[in-house]
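Could you build the full structure based on these sequences and the hints that come with them?
When you line the sequence shown up against the working numbering, it's residues 9 to 199, in that order.
Where hints are given, some of them may not hold.
Said to hold, decoys possible - Here are the computed distance ranges between Cβ atoms for each label pair:
id, residue 1, residue 2, range
1, ARG68, SER100, 34 to 40 Å
2, GLU83, GLU182, 22 to 28 Å
3, ALA171, ARG196, 22 to 28 Å
4, GLY169, ALA74, 22 to 28 Å
5, ARG196, ALA106, 33 to 39 Å
6, ARG17, GLY197, 22 to 28 Å
Hints are computed from structural coordinates only; laboratory data are not their basis.
In this text the structure is predicted, and so the values were computed from the model without any measurement.
Just so you know, even glycine gets a beta-carbon here, dropped at the ideal spot from N, CA and C.
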Amino acid sequence: MSLVELIARADARGLAGSGLACLDRCVPLLDGGDEILRPLWANLADDAGDGPDWARALVRVRDELAGPDADGEDEAVLLARRMLAAAPAECSGAAIRAWADACSVASLRIHRLLDPATDAAAEAGVRGEDRPQDPTEGLSPLVAAEVRRQVTVLEVLAGHGPAGLRRALEVSTEGRRVLRAVVSRRARGRG
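And the structure:
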């Protein structure tokens, strides 16, 4: 199943987990620590984010990750900030589906921007809309790994419900470490 199909079939918890995992992997761009999103993950485990705890935790995360004025920030950082800003106060309905889809697109775009091996010709169809074969074929390593992570998160949440959150978090943590290393190398290259 393609990434688009998995998002289309996901329930509210799967959508919230998918969006949160994309955001979690991009936290290094916002200078956030590894535990910054932990309260949101915990809330998903407790009640699928359908309570005031999700909204309160989201406000705290936004406050902690608030950055400077958007002027001068590169596109990757702006995309990560938009993911956080667009997170809905409730994990249900059309808002959570739109957020999960937007996070998927933004995260893939971020990985393309940060991957020096990205081939512009491979950008089309990265989400699997028109790729019946391997959805990572022809993609750069960083982008291909992000596609696989997104698919894995959606599959474990669909197959295991709340129990899949632990594996989704593990996948997200691995991706965050990779992106943190990429961001660090990029910063050294500019300095």
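So, going through the hints one by one against the coordinates:
1. Roughly 21 Å separates the CB atoms of ARG68 and SER100, a value that falls outside the hinted 34 to 40 Å.
2. Separation of GLU83 from GLU182 is about 24 Å and conforms to the stated range, judged on CB atoms against 22 to 28 Å.
3. About 40 Å separates the C-beta atoms of ALA171 and ARG196, a value inconsistent with the hinted range of 22 to 28 Å.
4. The hinted window of 22 to 28 Å between GLY169 and ALA74 is violated, with their beta carbons roughly 33 Å apart.
5. A hinted range of 33 to 39 Å for the beta carbons of ARG196 and ALA106 is consistent with their spacing of about 37 Å.
6. A hinted range of 22 to 28 Å for the beta carbons of ARG17 and GLY197 is inconsistent with their spacing of about 40 Å.
Violation of the numbered hints given earlier is confined to hints 1, 3, 4 and 6; the remaining hints are satisfied by the structure.
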